[in-house]
Structure formats: C-alpha cells, structure tokens
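> Residues per chain, in single letters:
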Amino acid sequence: MTGSQPQITEADLISYVDGQLEDQRRDAVRTHLAANPADARKVELWQQQNATLAALYPPLDTGVLPERLDVYGMERRLRSERADWRNMAAASILVLAVGLTGGWFGRGLVSQVAEPARSIVADAAQAHQLFASDVLHPVEVRADGEDAANLPKWLSKRLDRKLNIPDLTRHGLSFVGGRLLPSSEGAAAQFMYEDKSGQRVTLYIVAAANSSDTAMRRSNVGSLETVSWDDETIRCALVGNLPSDRMDAIAKDTYQQLS
Amino acid sequence: MPDFLDEITGCIPALRRYANALTHDRDTADDLVQDCLERAIRKKALWRPQGPLRPWLYRVLINIYRNNLRGRNRRPSQIPIDDVAEQLFVPAAQTSRIALTEMASAIDKLSGEQREALLLVVVEGLSYAEAAKILEIPLGTLMSRLGRARTALARMTQEDQPNLKVIK
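So the protein lines, in turn, are chains A and B.
Numbering-wise (this note's numbering), the first sequence opens with residue 310 and increments by one.
Numbering-wise (this note's numbering), the second sequence opens with residue 172 and increments by one.
Quick caveat, the hints were computed from the structure, so don't treat them as lab data.
Misleading hints may appear alongside valid ones.
[To be verified] Straight line, CA to CA, 30 Å or less: simulated DSS-like cross-link-like pairs of lysine-lysine:
#1 471(A) with 214(B)
#2 304(B) with 561(A)
#3 215(B) with 304(B)
Model the full structure from these sequences, guided by the hints.
Printed below as a string of structure tokens:
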C-alpha cells in the first residue's frame, strides 16, 4: 500500500458491485481488489447476490395487464365516483328541502347518503382562535428555540405518522412554531405561521384512522377561512384570515409538501 | 391526463415486480399496485408531481405498503417460502433452484427497511440518490442499510457456498 492509494471503503465496494461508481473510482476499486483477495471475495459474493436477485425477480411479462390495473378504466371510474358524490350531495340538499316541506317522504332517501367522516375543521378553528391571538405564548415549541430541530420528530412520534414542517416562505409566511394538542381524533399537531403584518395561519393535523384521500374543502367558521383535506395517513385543516384564493394556494402547496 | 396515464402505464411492470419482491404474493402485490395507481390518479386531480413519475410512484407504493403493515401488524408474508419460490420464478439456467428458494427466504427475513432499500437498488436498478429520495433518508443511511442487508443475506445464504465461508 502506498500513501497515494485512495482509501477504499466498504461503501465503495458496494457501489462498485451496484455499478454506481464513476470511472476513476471504479478503476481504483479494481486495482484495490487485485491486491486484496479478501475484499475481492466479498465483492464476488455480492455480485452473486445481485445475480440471484435478478434471477429471482425477473422483469414481469408486460403482455396483458389484469383488468384491475387498467389506469384508463380506473380514471373513468374515479371521475364518475366524484360526479356521483356531487350528485348525491346535490340530491341530499334537494331531499332536505323536500323533507322540510314534504314531511316524511324524503326520510328514506336522506339516510342513504353516506355520512362523511367527522370534520376536523371545528377543532382546527377552535385551536386557531385559542392560540393565534396569543402574543407571548402562541406555540409550545418555537421555531427559533433550542428544541426546534426536534419538533418534526416529536410530533411524528406522537401522531405515529411521518410529519415534516411545510415551508411556506414563498407565500410570505414564516414558521412560528408548533404544539401538540388533544383532539377527539387523538393527538393533534398544530403548526403556526405568520406574515410580516403578524397575520397568523395555522395548520392542524390529526392521524387518519383509515387511509383515504379527499378533494380540498373550503368552509368558513366565523370570520376564519378554512381549507381541509385528507391525505393517505393524515387529515389536515388550514385556518386563517387571509383571502380565500391565497388560502387555496397555501393549502395546495402544503398538501404537496406533506405527501 | 392521457399523457399522465400513459406514463403511469409504462411504470406498471416495474411496480408489480417491486411489489412482488416486497410481498412475495402475487395477489397482495397487485392489490398494492392497484391502490398505488388509484392514489396516483386521485392525487393527480390536485397537483402534478414534478419530475419523472417512476420514483414518485415507488414512494406512493411504499407508503401504502407500510401503512398496510402497520394496520394489520403482521409479517409481510404468510405463505410458505417454497410456494413463494414456486410462484415467483421460472427456473433459470444460471442459478440453481435451491439458491433461489434460499434467497427468497432470506429476503423475507430482512427488516422492512433493508428490504425496501436493497430491492429498489438491486432489482429496480435505481441510483443511490434516487433510492434515498424515495425512502426519504440521507444517502449515508441508505448505504448502511444496503451494507447491513448484504451482510444479512450472506449470512443466511452462504451454507451451500463453501468457497465463500471464510468471509466474515
């Protein structure tokens, strides 16, 4: 071994086997292997592992896909489900109107409309009202505090979901901090942001019991604008006083960063 | 939408292979792929993911896979490993049937995170950078998972390879 020999690490050897080294480094590894039979055997074993894995999991026959994996059919179905849902919502309003005027004729129909999962918007709005107005202690863990780095890990653990803190600076919002809250759905996380004028926006997140995705829903609670959605493992609500088009843009960005 | 659907369709064989390798059960694997595709289409209604779709689809699939595991709280495979080997491969000339069965069983015994990482790189041929991004872990973490996975596989499969026994 000479001093000018580059140090070959185990990571280099693995990268060599997986064909992920640049030319120069690859040559260095080859030279190293020629002089180190023990490493050479290791590399040979790994190459054998790769060959066995390739034989075990060969490319699948791409000929005919099972019908249930046909994305075109799937897309048509999902689109019509969405339309059905909209029709059903419209129908339920109609039925309500009929029910109000026409007595019991509408009742059987009303009960057929599936109950939506309990909305988290009320909880989110309540939490927003309670904390967003607090000047001194708006959050439990401050973004500029010592514990800030542990915040996502802590809240991820408490919600048993991987959470990251969305970066909303492009919307003029800086991160203030976050807190853990009790909710009817178990632990909830609240992230708070504020713009230069001190306007605050909060993001409220609870774990979803069963995974489902929904479109974004907009609603007003008093003077507050809210946008809520379900995404795989979490349910989210964004709450604030900003104009609804800004809230929409922030919600979409948040959604994207969280998934 | 048609372009998006075409692009997704192009990824399906790879997704099925990966799901097969993860679950060792064809029906479970296709369930997983189906959920993944549906979720991708639903999500598309809200926003178009940036960059190539394939890595993003792996990530969606892995998330669903992990969720299902967490939900059912069970080992990924409940079928006898001989059946797995039977189901998975056409006997290959180069590699003995025993070696394949042994490898299938070893893969099954890896920890979930090692299996996810190793299969992305070795079977799906993704670069380390891509795999690390899909799994949302730093490159160094990925490398150490790969290293540990290889050591574990070697330990579990080297019985019938006497010439390699010296390796620690």
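> Now tell me, hint by hint, if it's right for this structure.
Checked hints:
For the suggested pair residue 471(A) and residue 214(B), the alpha carbons sit about 19 Å apart, so the restraint of at most 30 Å is met. Using a Cα cut-off of 30 Å, the hinted pair residue 304(B) and residue 561(A) holds, with the two alpha carbons roughly 21 Å apart. With a CA separation close to 20 Å, the supplied pair residue 215(B) and residue 304(B) stays within the 30 Å bound.
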